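For reference, the chains in residue letters:
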Amino acid sequence: MHGYEIADSIQRISEDVLQVEEGSLYPALQRMLIKGWVKAKWGVTAGNRRARYYQLTTLGRKQLAVEVSQFERVMRAIARVVQTA
Amino acid sequence: MTFFSELGRRLLMLVRRHQFDRELEEEMRLHQELREQEHLGAGMSAEEAHYTARRHFGNATLTQERSRDMWGWSWLENAMQDVRYGLRQLRRSPGFTAVAVLTLALGIGANTAIFTLIDAVMLRSLPVANPGQLYRLGDNNNCCVMIGTQNGGSFVLYSYPLYEHLRDDTTDFSEVAAFQPFLSDLSVRRSGVASAAEPYKGEFVSGNYFTMFGVGAITGRALSSSDDKSGAPPAAVMSYHTWQTHFGGDPSVIGATFTINTVPYTVVGVTPPGFYGDTLRSDPPDFWLPLAADPDRWLFSAEPEWLYLIGRLRPGVAPERVQAQLTGELQQWLGSRPEVIPERDRGDIAKQHIHLTPAPSGVDQMQTDYAAALRLLVTIAALVLLIACANIANLLLARGAADRSASALRLALGAPRARLIRQKLTETILLAVAGGAAGLYVAYAGTRTILLLAFRGAHYIPISPKPSLPVLGFAFFLALVTGVVFGAAPAWIGSRADPADALRGAGRSTGDRTSVVQKPLIILQVAFSIVLLIGAGLVTQSLRNLEYQHFGFVTEGRLIVNIAPSLAGYTPDKLDGLYQRLEEALPRILRVLSASLSWYSPLGGNNANEGVYIHGKPPDYRWTAPSWDRVGPHYFETIGTRLLRGRAIEERDTPAAQRIAVINETFARRFFPKEDPIGQHLGMGDASHSGDYEIVGIVEDAKYQDTRGPAYATFFLPLLQTPPGEPLRGWVGAIELYVAGKPEDLEPFVRKTVAGIDPNLTILRVQSFAEQVNLNFNQDRLIARLTELFGLLALILACVGLYGVTAYAVERRTNEIGIRMALGAGRRNVLGLVLGSALTQLGLGLAIGIPAALAGGRLLAGQLYGVKSYDPMILGLAASILAGCAVLAASVPARRATKVDPMVALRQE
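Read top to bottom, the protein sequences are chains U and R. All residue numbers for the first sequence refer to the working numbering, where the first residue is 1 and numbers rise by one. All residue numbers for the second sequence refer to the working numbering, where the first residue is 1 and numbers rise by one.
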């Protein structure tokens with residue numbers, strides 16, 4: 001997906017709850033490129049425009065799993081706290 | 001692994017920066033356009049859609065910058081940006097840049113020059129293998145021949161048998177070498193070549209000298225122990241410098257026979273370039289010869305102690321243990337040799353010891369001689385650098401204030417203050433680095449000048465003025481430190497511009513933060529300058545006193561020729577004929593008014609002293625032995641020493657005539673305080689000789705050895721009247737000529753005359769008497785010239801600084817001055833306003849500087865001759881010069897202030 005598509009899909013899937021600011025999207029994409037979690041390739045969109053397409057790498061998938069498990073730990077912790085309240 | 005691929009990606013981005021920027025911009029533009037399309041699709045108008053998308057996107061520039069920052073090269077890019085900007089700014093004000101770079105070049109260059117010398121003289125080791133292993137047997141540089149016990153019990157000079165004993169018995173040294181402490185004059189003539197003998201310098205060394213140093217020949221071979229045995233064919237090693245300069249690097253020199261002091265030597269090798277022997281000195285040895293080869297050397301006698309020793313300690317050996325062992329061996333040896341230590345001194349044997357000192361630089365004669373001078377020079381150079389830096393700081397402050405609105409604008413646009421400071425600091429560092437690079441030229445020129453001043457009269461100095469790697473590093477480091485330290489404050493002050501200043505006009509206020517820092521800097525500059533000026537005045541006056549003192553002889557119109565008959569093979573019986581022929585031929589040279597011969601001439605570096613016994617008086621051991629000289633007829637009139645009573649030495653004082661002596665005033669006062677010396681008798685050796693010479697004349701005191709202290713008690717004996725049994729230790733060493741006109745012009749005629757008498761007679765040196773005397777003041781002259789130069793520099797810098805600060809103040813206050821004049825202030829009031837502040841700074845500077853100069857002068861007092869360190873005339877002169885120049889410097893902008901048209905000033909922003 002290219003940058004706009006990423007922002008758009010996050011917005012759609014989260015039903016407009018999560019809206020990614022472009023100001024944070026592109027720096028984040030760059031950081032992921034540096035770390036080798038994504039790789040980028042120039043391609044053509046449906047509307048015949050040049051766009052850069054990002055794809056998760058193997059390293060990226062591993063990192064994703066790490067981040068997701070960390071996120072889930074935090075969520076479980078919050079859920080427990082809220083339950084007891 | 002991932003680290004390296006990440007690093008690789010980062011580096012790749014650095015290379016493809018522009019492509020990266022373009023791609024990111026394109027990517028973000030697409031994003032924004034798609035958003036716009038989305039809004040259009042949702043029903044907004046084209047304009048609304050565009051602007052909503054734009055707004056939603058946010059600050060595109062900031063996003064781009066943040067994305068780029070992720071890659072981690074922003075510090076480098078910012079630095080490059082700062083450098084480019086700084087260079088542009090500097091190019092826009094060429095006057096400021098030129099003055100700043102020049103000032104820094106002078107300051108950094110001067111310090112680098114001094115550091116070059118310190119590096120070469122004090123820090124460098126001998127260019128030999130593993131200098132850290134070298135140790136000297138002895139801790140001082142007493143010279144040149146001693147007998148029996150030595151000063152303070154510390155042995156530094158050794159007889160040859162003692163050397164052999166220590167060398168063979170101490171296994172902790174891999175080698176111990178012996179060499180003479182001073183260089184010998186050599187008369188050298190290449191066999192088969194028709195030209196006359198040339199004078200060179202040589203050093204007699206033990207066979208293992210080069211092995212001990214670990215130095216091999218670059219062509220041929222070095223001396224070895226087999227060359228140092230009596231009966232071995234004499235071998236010599238030539239120095240690289242001599243080989244190149246005097247023999248053109250001719251390879252046929254190796255293996256050629258040279259007649260050195262009438263003995264044929266074979267030159268067996270050439271030392272590597274850069275090797276100058278065991279002592280850093282001007283005119284290092286041209287030849288190294290084995291001790292055994294010269295028949296004059298006292299090889300077998302245990303009495304004369306005349307060799308220095310240096311040894312290479314084996315690795316892992318403790319010097320203290322070896323020192324104790326050596327001392328024990330020394331005392332044992334002395335105890336078993338009654339001919340060395342007479343009965344009455346045997347009690348002193350226990351006090352004799354050998355102090356083993358590390359000697360990575362060999363014999364540290366030059367270090368000792370010049371340590372004080374170098375320290376002084378370092379201090380002065382540092383002061384000049386500080387003054388230069390104060391000037392730079394002031395210039396930067398003025399510039400920062402002028403730039404204030406630009407800085408305010410930048411701050412208002414969101415630049416972080418730190419970034420602003422960093423940018424200004426970069427500019428300063430650029431200036432400093434440029435100053436440092438230019439300073440290297442100044443350093444090279446400065447070092448060459450210092451070497452020429454300090455070693456006037458030398459042919460070759462083994463110190464290179466070219467900057468070496470440590471020197472380059474020093475210059476760069478100094479430049480960097482200077483830039484940072486003296487740029488930091490102005491940068492910080494300049495960045496404190498209030499953004500609101502950008503919106504309103506500046507300059508209507510009278511207060512000014514910048515001047516708060518500028519004024520103390522000027523005060524300090526004035527203080528430093530007066531210290532240097534007073535110092536310069538003191539040492540210059542001291543030098544003049546030294547040079548123009550009453551020596552007891554006259555140097556004008558006199559020529560001194562140094563010869564060495566012994567080197568040409570003369571023996572005592574042939575000397576008479578030589579003296580006669582010289583005394584006949586020399587006065588016949590055109591323009592020679594009178595000529596004479598002597599063992600040595602005043603202040604030529606030689607001295608002989610010997611205890612005397614006065615007939616009819618008990619031996620007087622209170623005084624140090626008087627000096628004495630053997631002189632020929634017409635000596636005193638030729639060198640211009642007045643005869644006070646009686647007669648001088650004349651032609652009638654032949655070997656057959658009565659033996660006579662002439663004494664000087666100090667001798668007469670000391671030994672004959674109450675009676676008439678004429679007619680009394682004196683002698684040398686022991687009391688039985690006290691009737692040998694009859695005193696027939698008294699001459700005025702003259703300084704022969706020491707330029708500062710009073711003349712030594714001296715007596716003069718005729719050249720030819722040597723009593724039988726007295727060894728002829730000296731030979732004619734000097735010819736003195738009193739000429740009409742310039743003495744140096746006669747040199748070719750003198751050479752021709754001497755060559756006509758004997759072409760083999762080597763002339764060691766020809767120079768005017770004035771030059772010979774002046775060479776004694778090399779170090780004083782060096783310090784005086786340099787202090788004068790630095791003082792002048794400081795004066796110029798302080799005045800330029802004061803001018804700059806006053807001009808800046810006038811500019812800042814143009815408005816205020818306009819208002820005052822409009823309100824009725826006259827020209828005089830304005831002048832007073834501007835000058836008043838300048839004069840206050842000057843006054844405070846003098847108030848701080850003069851006491852500092854007096855305190856510093858106390859340290860200098862020991863070196864001054866004939867002038868007190870608080871000499872009021874010099875103080876007053878220095879202060880008036882500084883005050884005069886300062887007032888002149890400040891009055892230029894002050895007068896400009898009085899010409900301000902109130903209307904123009906009020907309108908000025």
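To be clear, the hints were calculated from the coordinates, so they are not data collected in a lab. Source: prediction; values computed, not measured. All C-beta atoms, glycine included, are put in the ideal place defined by N, C-alpha and C. Mixed in with the good hints, there may be bad ones.
If you want the footprint, here are the derived chain R segments under chain U, 3+ residues with CB under 8 Å [claimed, not checked]:
{"hint": "1", "region": "2 to 11"}
{"hint": "2", "region": "61 to 68"}
{"hint": "3", "region": "282 to 289"}
Within a straight-line C-alpha distance of at most 20 Å, the following computed SDA-like cross-link-like pairs (lysine to any residue) qualify [as the list claims (entries may be wrong)]:
{"hint": "4", "chain 1": "U", "residue 1": "K41", "chain 2": "R", "residue 2": "E6"}
{"hint": "5", "chain 1": "U", "residue 1": "K41", "chain 2": "R", "residue 2": "V145"}
{"hint": "6", "chain 1": "U", "residue 1": "K35", "chain 2": "R", "residue 2": "V145"}
Going through the hints against the structure:
For the region 2 to 11 of chain R, the proposed coverage by chain U is satisfied: 5 residues have a C-beta within less than 8 Å of a C-beta in that chain, meeting the threshold of three. Counting residues of the region 61 to 68 of chain R whose beta-carbon sits less than 8 Å from any beta-carbon of chain U gives 6, enough to reach three: the coverage restraint holds. By the rule of at least three residues with a Cβ nearer than 8 Å to a Cβ of chain U, the coverage given for the region 282 to 289 of chain R is violated, with 0 such residues. A hinted pair counts as satisfied when its Cα atoms are at most 20 Å apart, and K41 of chain U with E6 of chain R qualifies at roughly 18 Å.
The straight-line distance between the Cα atoms of K41 of chain U and V145 of chain R is roughly 90 Å, outside the 20 Å bound, and the hint therefore fails. This hinted pair does not check out: K35 of chain U and V145 of chain R have alpha carbons roughly 79 Å apart, beyond 20 Å.
Checked against the numbered hints given earlier, the structure breaks hints 3, 5, 6 and satisfies all the rest.
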